[in-house]
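Undergrad: Let the sequences and hints guide you as you build the complete structure.
Numbering follows the working numbering, with no gaps: position 211 of the sequence shown is 202.
I should point out that these hints are in silico values taken from the structure, not numbers from a laboratory.
The C-beta atom is built at its ideal place from N, Cα and C for all residues, glycine as well.
Check each hint, because a few of them may be wrong.
Unchecked claim - Here are the in silico distance ranges between beta carbons for each label pair:
| id | residue 1 | residue 2 | range |
| --- | --- | --- | --- |
| 1 | L17 | S53 | 42 to 48 Å |
| 2 | A187 | P104 | 25 to 31 Å |
| 3 | E21 | H128 | 32 to 38 Å |
| 4 | T13 | A175 | 30 to 36 Å |
| 5 | A56 | P8 | 36 to 42 Å |
| 6 | F154 | A77 | 18 to 24 Å |
| 7 | D173 | A77 | 32 to 38 Å |
| 8 | L203 | H149 | 16 to 22 Å |
| 9 | H128 | D76 | 45 to 51 Å |
| 10 | E27 | D162 | 18 to 24 Å |
| 11 | A63 | P197 | 43 to 49 Å |
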Amino acid sequence: MPSPCAIVELRRYALHPGRRETLIELFDREFVHTQEDCGMRVLGQFRDLDAPDDFVWLRGFSNMAERREALAAFYGGPVWRRHRDAANATMQDSSNVLLLRNVQTTATHAARPGMLLAVVCQLDAPATPLLVHRFEHEVRPCLQAAGMEVQAVLMTEHAPNDFPALPVRTDTEALVWICRFDSAAHQLDCADRLFASAIWRDAVWPRWLSQLSAAPQMFRLQPTAGSAWR
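TA: Structure, rendered in structure tokens:
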């Protein structure tokens, strides 16, 4: 993650077929520095490598009060008014938004673009300290041993969404981790090494899955040219 933020939105948009590059060009040109001028951080924006009509991005805030003020400034400002119709015309559904808080971030500055893997683990109840402990002391060591660089761990933020013009999901609890790889081939190589580990395959992974309400969702994300997280 480019820099730690206490509050993070993970936003996943389903676009009309063939419209992703249109939105990316508009977003990279008009919506990065202008949002940051309003007091938020655009952490990264991505193509989903496995869903050609999905656009994923993350933005961060120091706290919930800053989020409310920054969103009001941007969405009530001239840049959004000027470009909102063009942006909205690319979208089928922009409601898949997780409001998260930062558990742990390892900031890095990659010399060249790589690929991120976001793993979204859905829970029946809020993540407990025990679950976070198990991630840190069971899951993370296995990921690292396989060559996976965990750059962020996030979980559901329970503060009320005080900017209701932009709804967030309230139907799920989540713990999310994000890894960076040099390439898609690097990610596959690390995954092969991970599942070659008997400890992971026979103990750690089954135990982790038993704590979730559904199978984890995994998104392979390619940074756009304007993405800070790369």
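Undergrad: Please go over all the hints and tell whether each is borne out by the structure.
TA: Tested hints:
Evaluation of the 42 to 48 Å hint for L17 and S53 yields a failure: the beta carbon distance comes to about 27 Å. A hinted range of 25 to 31 Å holds for the C-beta pair A187 and P104, which are about 28 Å apart. In this structure the hint that E21 and H128 lie 32 to 38 Å apart at CB is violated, the actual value being about 44 Å. At about 24 Å, the beta-carbon gap between T13 and A175 misses the expected band of 30 to 36 Å.
Taking 36 to 42 Å as the suggested C-beta distance range, the pair A56 and P8 conforms, at roughly 39 Å. One distance hint, 18 to 24 Å for the beta-carbon pair F154 and A77, holds here, with the actual separation near 22 Å. Range check, D173 to A77: Cβ separation about 34 Å, and the 32 to 38 Å hint holds. A beta carbon spacing of about 19 Å between L203 and H149 agrees with the range 16 to 22 Å that was offered as a hint.
With their beta carbons about 49 Å apart, H128 and D76 fall inside the hinted range of 45 to 51 Å. Between E27 and D162 the beta carbons are some 30 Å apart, a value that contradicts the proposed interval 18 to 24 Å. Judged by the Cβ atoms, the range 43 to 49 Å given for A63 and P197 holds: they are separated by roughly 46 Å.
Going down the numbered hints, you'll see the structure goes against 1, 3, 4 and 10, while the others check out.
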